[in-house]
Amino acid sequence: MKTKKTLLLMISILCMPFMHAQNIPNAVDFLPEPPGNSSMQYVNDMIQYYGGKAERDSELGQQAAQDMPIQLSTYTKAFSQILGFEISESNTPAIYNLFDVGLRIGEMAAEIPQNYYQRTRPYSRFDEHTLVPSDENKYAAVGSYPSVPAMMGWLCALMLTEVCPSLQNQVLVRGYEFGRSSVISGYNWNSDLYAGRLLASAILSRLHSQSSYNAWVADAKSEYERKANNYYLSRADENELDDTPYIATENLPDATRFLPGPPDSTSMQFGYDIIQHMDGKNRRNTSEGATA
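Residue numbers (my numbering): 19 to 310.
I should point out that these hints are in silico values taken from the structure, not numbers from a laboratory.
One thing to keep in mind: the hints can contain errors.
Said to hold, decoys possible - Straight-line C-alpha distance at most 30 Å; calculated DSSO-like pairs for lysine-lysine: (1) LYS245 with LYS95; (2) LYS239 with LYS95; (3) LYS156 with LYS71; (4) LYS71 with LYS95; (5) LYS156 with LYS95.
Remember, predicted model here, so these are calculated numbers, not experimental data.
Please build the complete structure, drawing on both the sequences and the hints.
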């Protein structure tokens, strides 16, 4: 019975209209270009690269190495630790299916801007080794913008918050960490991460336009509740079950748990913010200013 259900899920994926390339969000149309090598943001990228490199011998470095393989098992293993049970095709086929769809579509969506911009990866730029040398040849000719690890970590996290709202903060923290891991590993620039997470949000929005995907989310939520034996079920989950558009303030995601703090006034990022402010100020009398 389980084999039959899995087969039906795979047929649904292959027949899903969204799977056609022309229906995938084109990040080239809505993401900004990667920063030029003479920009302040690129200087910040360099600083973040060397900062990440210094963390390779730490616990963050160990996690970064585990986060780097862009394969389904990387994400199922990471989020299984939060759910408290194994996410796998045999144990949780509905949740596993969401991750599988996310990886398939995410890779296709990322390939468009990667091929268009062909941004050189940090380790190639500086001719240095990464935290995971075995993959260097594989990705040397693949553009770094946007970051696929950041995109996939965030996409899986967003998907999973719909399945288990009571664990949303823990899930979002873990999803956000995948981006930082790719900087520590030396495979992505810091600015690649923001582009990856924005693309993940666009993909999820597009997925929700498909009735089949929404049905899969409902199946995954039911599966989670059965597997957890209601142990994790809290008021946050109960509020989700009543299908109302209102969420109590205390049940909203706590951004202080997963977003980094604002840049310090002595940081390079703050310097970049000032330059962006001045640039924006100079555009106020233009058509862009009228739009603003």
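Here is what the structure says about each hint:
no.	hint	result
1	LYS245 with LYS95	16 Å, holds
2	LYS239 with LYS95	18 Å, holds
3	LYS156 with LYS71	20 Å, holds
4	LYS71 with LYS95	25 Å, holds
5	LYS156 with LYS95	23 Å, holds
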